[in-house]
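Chains as they are written, first to last, in this note's numbering: chain A, 3 to 313; chain B, 22 to 153.
It should be emphasised that the hints constitute simulated quantities derived from the structure, not laboratory data.
For glycine and all other residues, C-beta sits at the position ideal for the given N, C-alpha and C.
Hints are supplied without guarantee of correctness; some may be wrong.
As the list claims (entries may be wrong) - So the derived label-pair ranges between C-beta atoms look like this:
id, chain 1, residue 1, chain 2, residue 2, range
1, A, MET3, B, GLU102, 12 to 20 Å
2, A, GLU183, B, GLN153, 40 to 48 Å
3, B, GLU102, A, LYS41, 45 to 53 Å
4, A, LYS297, B, LYS147, 43 to 51 Å
5, B, ARG62, A, THR249, 40 to 48 Å
6, B, SER138, A, ALA260, 28 to 36 Å
7, B, ASP107, A, GLY43, 43 to 51 Å
8, B, SER138, A, ASP7, 26 to 34 Å
9, A, ILE257, B, GLU102, 19 to 27 Å
10, B, ARG152, A, ALA260, 31 to 39 Å
11, A, GLU33, B, ARG152, 46 to 54 Å
12, B, ARG152, A, GLU32, 34 to 42 Å
13, B, ASP107, A, PHE87, 28 to 36 Å
Said to hold, decoys possible - Straight-line C-alpha distance at most 27 Å; calculated DSS-like pairs for lysine-lysine:
id, chain 1, residue 1, chain 2, residue 2
14, A, LYS124, B, LYS95
15, A, LYS14, B, LYS95
16, A, LYS228, A, LYS29
17, A, LYS124, B, LYS151
18, A, LYS14, B, LYS151
19, A, LYS37, A, LYS67
What follows is the residue order along each chain.
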Amino acid sequence: MNIEDRLLAGDKIACARLISMLENNDKEAEEILKKLYHKTGKAYIIGVTGSPGAGKSTLTDKMAKKLREAGKKIGILAIDPTSPFTGGAILGDRIRMTDLSLDEGVFIRSMGTRGNLGGLSKATSSAIKVLDIFGCDYIFVETVGVGQSEIDIVKMADTVLMVLVPNMGDDIQAIKAGTMEIADVFAINKSDLDGADKTKLEIEMNLDLNDSKAFRPKVIKVSAIKNKDIDTLLEAIFEHRDYQMRTGNFDIRRINNARQEILDLAKEDLINLIMKKAVENDFLNTIVNEVYKRKLDPYSAKEELLNLLLN
Amino acid sequence: MERPIRVLVAKPGLDGHDRGAKVIARALRDAGMEVIYTGLRQTPEQIVEAAIQEDVDVVAMSILSGAHNTLFPKVVNLLRERGVTDRLIVGGGVIPEDDIPFLIQTGVEAIFTPGTSTKDVVEFIKTHVKRQ
Ligand code: B12
Ligand SMILES: Nc1nc2c(ncn2[C@@H]2O[C@H](COP(=O)(O)OP(=O)(O)OP(=O)(O)O)[C@@H](O)[C@H]2O)c(=O)[nH]1
Ligand SMILES: [Mg+2]
């Protein structure tokens, strides 16, 4: 059987292989996704984001376990940073998910960012499709710990869960500044520790200021390690899903995501195309030098570069 | 662009000595590999399942407790049962010289004992990895 049929038959080895091929920019894998794309769209995609060590993996493990009790098939993609210096990575999210590792209905895959900014790897959206075709009902995507710019997850998730912890101090400022807007649900994890109420209050106060958003995200205190209030958290996620379904926002979101994906893919190919042309006859170096010597301005240089594509 | 080699670094059994595994994990990362570290106390079944889902090229196991003669071959055999024969399997830890021929014969391709230089491990993996 070929890899495509094996994937459709639920073969984990084929599923895993296909994800690797996509990570390695394998054209054959892309052809397979072209053929099977019409089968995607069934899985509900939950983004799990938040600062490093907030408990994203532990919480994902607990949520997945709850959904397994309801007989759902689960996919988990856990992304960790790749070293920009060596290209290597230690992918450690699985450590928190070992009790799921023998569950037939769970597929866990760790991915390195491989130079991609934005908190995900380039192949993440493709891997989501593979797990969707594989038959997962829910796919969790754990991003690398966020600073302020790692917000690519909004482009792929149906619901974004932001995991916070008590006593974040100044960290909460960073969250306010950039990433708060992407959250559809907040989890205050580690609420077995002191200070969870205060953090919840701070978030709620922030949400009060931002009443432009028609949907007000829920803020749920949980303790992943004590397996406490995971049900309540899942309910909040489902509430967001149901809200979107009711209002048509679900379709709007997926349309936006599709637009974004096409443009992102095109942008990438376009850059590659330009670069290929630009290095021919040392063209790029020539205009760079001219700009450096003030013989040419960068705006005209850009136009010359783009003109390469037209002829 | 060259793809990174993916390696599962696993600690089978009840053995709690994890320094060696962590040293190896870090060295492989620094050599540009993607290392999936699964933490302590993994059963052979868990290791095999993780190796499959992560589609690793190399399964690297560390044991200092003395249980290597049962646990290493078990992982090799479980992988074979699943039809997975194209992965490089290596082991390390406190393992007596006398046990090494048996382990090699069961399908572990190399054993690294205390004092091993991580450079040798990196070199061995790079030259023996089976998949392109
Ligand atoms: C430090 C240590 C501990 C620490 C462990 C801390 C930790 N988190 O790891 C503590 C104090 C907790 C400990 C406890 C015990 N220990 Co102890 N411990 C040691 C000691 C002194 C050093 C191990 C070490 O960390 N070395 C440093 C690392 C970097 O080296 P390494 O692990 O050997 O790894 C290198 C190579 O072996 C190789 N390698 C290792 N793994 C792998 C894997 C791969 C894939 C590759 C490629 C290479 C590779 O590469 C590494 C770099 O060179 C050894 C004795 C020794 N000299 O080895 C005893 C030793 C391992 N312990 C031993 C024992 C008996 C115990 C206890 C049972 C003692 C007790 N009765 O309570 C407990 C059990 C703990 C448990 N839960 O399992 C025995 C094991 C006997 C055996 N195998 O038959 C030893 C050998 C001591 C002895 N001579 O009796 N221990
Ligand atoms: N007290 C407490 N500790 C927790 C809780 N949940 C997770 N932890 C601990 O927090 C640490 C980090 O947990 P992870 O699940 O690895 O966090 P993460 O956000 O996935 O971390 P990165 O992926 O490295 O960003 C671990 O030591 C967990 O045991 C909790 O509810 N309470
Ligand atoms: Mg994590």
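Now the hints, each set against the structure:
1. MET3/A with GLU102/B: 12 to 20 Å: Since the Cβ atoms of MET3/A and GLU102/B sit about 18 Å apart, the hinted range of 12 to 20 Å holds.
2. GLU183/A with GLN153/B: 40 to 48 Å: Given range 40 to 48 Å: holds, Cβ gap about 44 Å.
3. GLU102/B with LYS41/A: 45 to 53 Å: violated (30 Å)
4. LYS297/A with LYS147/B: 43 to 51 Å: About 47 Å separates the Cβ atoms of LYS297/A and LYS147/B, which means 43 to 51 Å holds.
5. ARG62/B with THR249/A: 40 to 48 Å: Since the Cβ atoms of ARG62/B and THR249/A sit about 47 Å apart, the hinted range of 40 to 48 Å holds.
6. SER138/B with ALA260/A: 28 to 36 Å: violated (51 Å)
7. ASP107/B with GLY43/A: 43 to 51 Å: Hint violated: Cβ distance 33 Å, outside 43 to 51 Å.
8. SER138/B with ASP7/A: 26 to 34 Å: violated (45 Å)
9. ILE257/A with GLU102/B: 19 to 27 Å: violated (46 Å)
10. ARG152/B with ALA260/A: 31 to 39 Å: With a Cβ separation near 34 Å, ARG152/B and ALA260/A satisfy 31 to 39 Å, so the hint holds.
11. GLU33/A with ARG152/B: 46 to 54 Å: violated (20 Å)
12. ARG152/B with GLU32/A: 34 to 42 Å: Violated: the Cβ-Cβ distance is about 20 Å, outside 34 to 42 Å.
13. ASP107/B with PHE87/A: 28 to 36 Å: With a Cβ separation near 30 Å, ASP107/B and PHE87/A satisfy 28 to 36 Å, so the hint holds.
14. LYS124/A with LYS95/B: violated (36 Å)
15. LYS14/A with LYS95/B: holds (20 Å)
16. LYS228/A with LYS29/A: violated (45 Å)
17. LYS124/A with LYS151/B: Given that 27 Å is the threshold and the Cα spacing comes to 26 Å, the pair holds.
18. LYS14/A with LYS151/B: holds (20 Å)
19. LYS37/A with LYS67/A: violated (32 Å)
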